[in-house]
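Student: So the sequence lines, in the order shown, correspond to chains A and B. Mapping to full-length UniProt numbering: the first sequence position 207 is 207, numbers consecutive. Mapping to full-length UniProt numbering: the second sequence position 326 is 326, numbers consecutive.
Since the hints were derived computationally from the structure, they do not count as laboratory data. Every residue gets a Cβ at the ideal spot worked out from N, C-alpha and C, and that includes glycine. Check each hint, because a few of them may be wrong.
[Stated by the list, open to error] Not close to chain B: a few residues of chain A, all C-beta gaps over 10 Å, as computed: (1) D5; (2) L7; (3) Y307.
[Unchecked claim] Among the chain B residues that face chain A by a calculated CB cut under 7 Å, a handful are: (4) F118; (5) S119; (6) K135.
2 protein chains.
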Amino acid sequence: MGNYDELFARIKIITRDVEGVIFELVPEKDPKTLYDAARHYPLAGGKRVRPFVVLRAAEAVGGNPEEALYPAASVEFIHNYSLVHDDIMDMDELRRGRPTVHRLWGVNMAILAGDLLFSKAFEAIAKASVSPEKKARILDVLVRTSNMLCEGQALDIEFEKREEVTVEEYLRMISGKTGALFQGSAEIGAIVGTDNEEYIQALSKWGMNVGMAFQIWDDVLDLIADEEKLGKPVGSDIRKGKKTLIVSHFFSKASKKDKAEFLKVFGKYAGDAKGDALIHDEKVKEEVAKAIELLRKYGSIDYAAQYAKNLVKEANEALKVLPESEARKDLELLAEFLVEREF
Amino acid sequence: MGNYDELFARIKIITRDVEGVIFELVPEKDPKTLYDAARHYPLAGGKRVRPFVVLRAAEAVGGNPEEALYPAASVEFIHNYSLVHDDIMDMDELRRGRPTVHRLWGVNMAILAGDLLFSKAFEAIAKASVSPEKKARILDVLVRTSNMLCEGQALDIEFEKREEVTVEEYLRMISGKTGALFQGSAEIGAIVGTDNEEYIQALSKWGMNVGMAFQIWDDVLDLIADEEKLGKPVGSDIRKGKKTLIVSHFFSKASKKDKAEFLKVFGKYAGDAKGDALIHDEKVKEEVAKAIELLRKYGSIDYAAQYAKNLVKEANEALKVLPESEARKDLELLAEFLVEREF
Numbered sequence: 001m002g003n004y005d006e007l008f009a010r011i012k013i014i015t016r017d018v019e020g021v022i023f024e025l026v027p028e029k030d031p032k033t034l035y036d037a038a039r040h041y042p043l044a045g046g047k048r049v050r051p052f053v054v055l056r057a058a059e060a061v062g063g064n065p066e067e068a069l070y071p072a073a074s075v076e077f078i079h080n081y082s083l084v085h086d087d088i089m090d091m092d093e094l095r096r097g098r099p100t101v102h103r104l105w106g107v108n109m110a111i112l113a114g115d116l117l118f119s120k121a122f123e124a125i126a127k128a129s130v131s132p133e134k135k136a137r138i139l140d141v142l143v144r145t146s147n148m149l150c151e152g153q154a155l156d157i158e159f160e161k162r163e164e165v166t167v168e169e170y171l172r173m174i175s176g177k178t179g180a181l182f183q184g185s186a187e188i189g190a191i192v193g194t195d196n197e198e199y200i201q202a203l204s205k206w207g208m209n210v211g212m213a214f215q216i217w218d219d220v221l222d223l224i225a226d227e228e229k230l231g232k233p234v235g236s237d238i239r240k241g242k243k244t245l246i247v248s249h250f251f252s253k254a255s256k257k258d259k260a261e262f263l264k265v266f267g268k269y270a271g272d273a274k275g276d277a278l279i280h281d282e283k284v285k286e287e288v289a290k291a292i293e294l295l296r297k298y299g300s301i302d303y304a305a306q307y308a309k310n311l312v313k314e315a316n317e318a319l320k321v322l323p324e325s326e327a328r329k330d331l332e333l334l335a336e337f338l339v340e341r342e343f
Numbered sequence: 001m002g003n004y005d006e007l008f009a010r011i012k013i014i015t016r017d018v019e020g021v022i023f024e025l026v027p028e029k030d031p032k033t034l035y036d037a038a039r040h041y042p043l044a045g046g047k048r049v050r051p052f053v054v055l056r057a058a059e060a061v062g063g064n065p066e067e068a069l070y071p072a073a074s075v076e077f078i079h080n081y082s083l084v085h086d087d088i089m090d091m092d093e094l095r096r097g098r099p100t101v102h103r104l105w106g107v108n109m110a111i112l113a114g115d116l117l118f119s120k121a122f123e124a125i126a127k128a129s130v131s132p133e134k135k136a137r138i139l140d141v142l143v144r145t146s147n148m149l150c151e152g153q154a155l156d157i158e159f160e161k162r163e164e165v166t167v168e169e170y171l172r173m174i175s176g177k178t179g180a181l182f183q184g185s186a187e188i189g190a191i192v193g194t195d196n197e198e199y200i201q202a203l204s205k206w207g208m209n210v211g212m213a214f215q216i217w218d219d220v221l222d223l224i225a226d227e228e229k230l231g232k233p234v235g236s237d238i239r240k241g242k243k244t245l246i247v248s249h250f251f252s253k254a255s256k257k258d259k260a261e262f263l264k265v266f267g268k269y270a271g272d273a274k275g276d277a278l279i280h281d282e283k284v285k286e287e288v289a290k291a292i293e294l295l296r297k298y299g300s301i302d303y304a305a306q307y308a309k310n311l312v313k314e315a316n317e318a319l320k321v322l323p324e325s326e327a328r329k330d331l332e333l334l335a336e337f338l339v340e341r342e343f
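The whole structure should be built from the sequences, with the hints applied where relevant.
Tutor: Right, here's the structure in full:
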């Protein structure tokens, strides 16, 4: 993965000025608790993949990435706001190796810190050095994106109470939950850089596909990864009863008997600190291994892996309307990384 | 109060089309739970005072209120988003006579419904029929407004843990918590209707003053109102230990002995269902009456009432740069109502 190491070194350099914008808009100031809470995740780092997409998309369509700095900060604010609020909803305790915002400052201040980051996403657009016409169009895209994020998250919550979720329903959910923001990032970058509708649409499609593939690959990794590399127990999604593309595929194919067998394990430990508590229990490991065997029997893991790889293939295919450039190459490489990574 | 009855009848008629925009942007649709939760407060009504301010401000500066419909919906979305999230933070059970969003749909869906309403506020701006230049400027104001709302709410939370809050600190808090959105409403309406900076600044000042006066008068009413009209026990803020302008004034003036006496009651029942549980307890009533007597001794209630009335006087003074009109008269009347109402 030498290629990817270079890619991530480049991401770090290229997004450095975006960091500057983020902390300019969310500085150390009063009310201290609010701003400290809002700065917590941005300070903890993160890969800055979405701002990178904005900058590279602007460049790939022939634009000046300097003009995309504030829009790039904007999508990172949206990402961070949704992390803060999602962590409350999931009662997660850790994020990027540090305690979550609501654990450190309480749920009330975390709700508020998320709200502030949301507001800052729009402030970053308001401050962007683009024409009023472009600003209005970027606002349209950001609004569509944040509506879709809410809808995707709502579907995810609804699915928790459902026994089965169809492949179609699952795809709709992740198109909001992870597709929309990648789509918005690529599209906004393109709008900054060009008026060429064909280019803008190509990047919009690229972003949606890549964002969805990212999530699907995440779900695949949960089942096939090396535990050491992944940093969490294999099959934890099965223990939690998480509805994934793999599970949706399995339910659409499996015999009644195999379904019943699978359901004995699926979601069985949802209450136990998100199913991770019993990781060292040999009996649990065996049960999960059996469930994974059932998923393999119907080719469900391969189906999902292939689905993600196809999405990326289509995504990079769409970029072919753009002239060749370093920026376009970086986007293609990033997309490939997202469905080849082992962690 | 015959005058005011007519005013509110007019508000109802004038804001009818804003309702249409609100439910066009938050219709009945999937994901059903999310949209039902987001529609809950808008459906319960509310006085639509802020949208009225947007429309009347646009008209008062010579503009076409039709062009202000979407911006008017925008500020009502901001208002409703903040109600949904504030109700979670305050653990309130009732709002506009109906169970709060988090009571009906749970905290997670309520966080999300608030987020969606926040997003819809920006969507309403994105859809406004104004030039891209005006849209960009309205976006600036909306962003400033929503940042200030978060800051005001954060200060309010911080103040709960403090023993004393100075008059200055209190004023800063409410300038965010209630001043900012009235200011934003009046300013946005003005921007829609004119390019005259003097008019825009006059309405901005009017809105900030009126929003702050509204909150201060609310705190005064808690101590002097007729319980029947107010619909809640007199002095409930004292039981809860709520930091108000009245209390800040008292702390800056009272003798050590009187302060100590007041602190015996102030916030004593903060834990008991927000202090309202013991309303029928004669001993509690007596304690609260004694605390109110102490506030009177230092003229703290009169001080706050006068402060609110002065803010409104200054606000309406500022409007004098505008030509006389029905719209201007309505704004003046609304401002007076807010510091004369008995409920």
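Student: If a hint holds in the structure, say so; if it does not, say that too.
Tutor: Hints, verified against the model:
1. Here A/D5 stays apart from chain B, with its beta-carbon at least about 36 Å from theirs, past the 10 Å limit.
2. No beta-carbon of chain B comes within 10 Å of the beta-carbon of A/L7; the shortest separation is about 32 Å.
3. In this structure A/Y307 is separated from chain B by more than 10 Å, as the shortest Cβ-Cβ distance comes to about 23 Å.
4. For the restraint placing B/F118 at the interface with chain A, the shortest Cβ-Cβ distance is roughly 6 Å, inside the 7 Å limit, so the hint holds.
5. The beta carbon of B/S119 is positioned within 7 Å of a beta carbon in chain A (closest approach about 4 Å), and the interface hint is therefore held.
6. Satisfaction of the interface hint for B/K135 is found here, the shortest Cβ-Cβ separation to chain A being roughly 5 Å, below the 7 Å cut-off.
Checked against the numbered hints listed earlier, the structure breaks none of them; every hint is satisfied.
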